[in-house]
Amino acid sequence: MSPPAQTGTARTGAAWTGTARTGTAQSGATAWPRASEPGAAGAGAAAPVGLIASRVRLDEKRIMAALDRRAVPYERLDGRTCRYELDAAPPPWPVVLNREIGQVRAAYAAHGVEAGGGTVVNSAAAIELCGDKWRTSVALRRAGLPIPRTALALTPEAALDTIERIGYPAVIKPLQGSWGRLVTAVRDRHAAAAVLEHVAALPSPQSHIVYVQEFIDTPGRDVRAIVIGGRLVGAVYRSAGEAAGGWRANVALGATTERCAVTPELAELAEEAARVVGADIAGVDLLEERGERLLVLEVNSGVEFSGFQEAMGDTVDVADQIAGYVAACREGVWM
Amino acid sequence: MPKCSECSADVAVEDGAQENEIVQCAECGTELEVVRTAPVGLAPAPDVEEDWGE
Chain A
5 MSPPAQTGTA
15 RTGAAWTGTA
25 RTGTAQSGAT
35 AWPRASEPGA
45 AGAGAAAPVG
55 LIASRVRLDE
65 KRIMAALDRR
75 AVPYERLDGR
85 TCRYELDAAP
95 PPWPVVLNRE
105 IGQVRAAYAA
115 HGVEAGGGTV
125 VNSAAAIELC
135 GDKWRTSVAL
145 RRAGLPIPRT
155 ALALTPEAAL
165 DTIERIGYPA
175 VIKPLQGSWG
185 RLVTAVRDRH
195 AAAAVLEHVA
205 ALPSPQSHIV
215 YVQEFIDTPG
225 RDVRAIVIGG
235 RLVGAVYRSA
245 GEAAGGWRAN
255 VALGATTERC
265 AVTPELAELA
275 EEAARVVGAD
285 IAGVDLLEER
295 GERLLVLEVN
305 SGVEFSGFQE
315 AMGDTVDVAD
325 QIAGYVAACR
335 EGVWM
Chain R
172 MPKCSECSAD
182 VAVEDGAQEN
192 EIVQCAECGT
202 ELEVVRTAPV
212 GLAPAPDVEE
222 DWGE
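Protein chains in written order, with the working numbering: chain A, 5 to 339; chain R, 172 to 225.
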């Protein structure tokens, strides 16, 4: 069983300020106690969970409702107003659930909590690893997990040869990014050259690093598995919508979801992938190569689950599982 | 009833709306963020940033 989250050992302390909204199990204060105030030490049984989220989506509302049902006190923090100060007191929450929608802000929010010696789910290391497709691929491959053939080129110029070594069709992806944005399938040299010309014109140096994968022949869908606390919660098929050109199976691009029967192979792969990247709450994407062998595509550390929940119906309550895991972390026991 | 900052239309916000929740103006489609709940206050929602997502 995996530990719940990375716990910072360097207790350099931090000051925690910002605006907070308190869960129904709390008294309705509008700001959390300063870490330096009595009763704000953080690890007590009555101390609330921190929930960082600058955008309250259906997922966050479900998590807050689940925390309420479990009578787990929480304080919601708007990530846009948080600041962390070194050499101050530890954070007042025994555990922080990080639901910040911005990848960079999520990573530094986690760093801030950890700098104060706090525990955050997911850890900064997991967020940063999952947020970089190349580093994720390296970690998965080193662990011996099956992944698509993957290569990296340090310039768009070098990428053309890289793509040709992978073979057409190939998929060009940005190193960072989500929701299938800027993920492009190229089927011949002309298309690849055109895409790389656009990549070269992007302003950020990081955008010029080109991540290439072989195009996997799938049944027009991928598999999204959710793993919480080291255990598979369930899996759904995501079938690509036409808006995504019929192959990018992201719910954000209109993919539809359908419950997927869990096999031992699927469960083992998803749980191992989550473990390898150190994500306590993970959305693992898998591809069915020619409808047979499973490959791990990527691991998401800020799992969105509305489409997953819709497909799973009453068979599983993801928000409740997250709330249960966070509650267990808060009490120092986990599943 | 709160009004859309873009077109001034009345915007229906469900009871129990939370701060930082996003609602959409039915009149012009603008996304608005709930910045206050009692009474409900709306402001233009932040644009989606490049690093948003899972």
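No lab work stands behind these hints, which were simulated from the structure alone. Computed from a prediction, not measured in an experiment: that's the story for all the values here. Just so you know, not all the hints are guaranteed correct.
Chain R regions said to be covered by chain A (calculated; three or more residues, Cβ under 8 Å) [claimed, not checked]: (1) 186-192; (2) 212-223.
Simulated DEER-style distance windows between Cβ atoms [stated by the list, open to error]: (3) R:P217 - A:G171: 52 to 60 Å; (4) R:R207 - A:E161: 45 to 53 Å; (5) R:D181 - A:A189: 26 to 34 Å; (6) R:P217 - A:R139: 26 to 34 Å; (7) A:L90 - R:D222: 18 to 26 Å; (8) A:P268 - R:P210: 52 to 60 Å; (9) A:L90 - R:V206: 42 to 50 Å; (10) R:K174 - A:P223: 47 to 55 Å; (11) A:A162 - R:C199: 43 to 51 Å; (12) A:E293 - R:C199: 40 to 48 Å; (13) A:R263 - R:K174: 36 to 44 Å; (14) R:E190 - A:L206: 33 to 41 Å; (15) R:P217 - A:R169: 39 to 47 Å; (16) A:R145 - R:M172: 52 to 60 Å.
Just so you know, even glycine gets a beta-carbon here, dropped at the ideal spot from N, CA and C.
We went through each hint and held it up to the structure:
1. 186-192: As far as the segment 186-192 of chain R goes, the hint holds, because 4 residues have Cβ atoms under 8 Å from chain A.
2. 212-223: holds (count 5)
3. R:P217 - A:G171: 52 to 60 Å: violated (41 Å)
4. R:R207 - A:E161: 45 to 53 Å: holds (52 Å)
5. R:D181 - A:A189: 26 to 34 Å: violated (45 Å)
6. R:P217 - A:R139: 26 to 34 Å: Holds, since R:P217 and A:R139 (Cβ atoms, about 28 Å apart) stay within the stated range.
7. A:L90 - R:D222: 18 to 26 Å: holds (24 Å)
8. A:P268 - R:P210: 52 to 60 Å: holds (54 Å)
9. A:L90 - R:V206: 42 to 50 Å: violated (30 Å)
10. R:K174 - A:P223: 47 to 55 Å: holds (48 Å)
11. A:A162 - R:C199: 43 to 51 Å: Since the Cβ atoms of A:A162 and R:C199 sit about 46 Å apart, the hinted range of 43 to 51 Å holds.
12. A:E293 - R:C199: 40 to 48 Å: holds (46 Å)
13. A:R263 - R:K174: 36 to 44 Å: holds (42 Å)
14. R:E190 - A:L206: 33 to 41 Å: holds (35 Å)
15. R:P217 - A:R169: 39 to 47 Å: With Cβ atoms ~41 Å apart, the hint holds.
16. A:R145 - R:M172: 52 to 60 Å: holds (55 Å)
Taken one by one, the earlier hints fail for this structure at numbers 3, 5 and 9, listed in ascending order.
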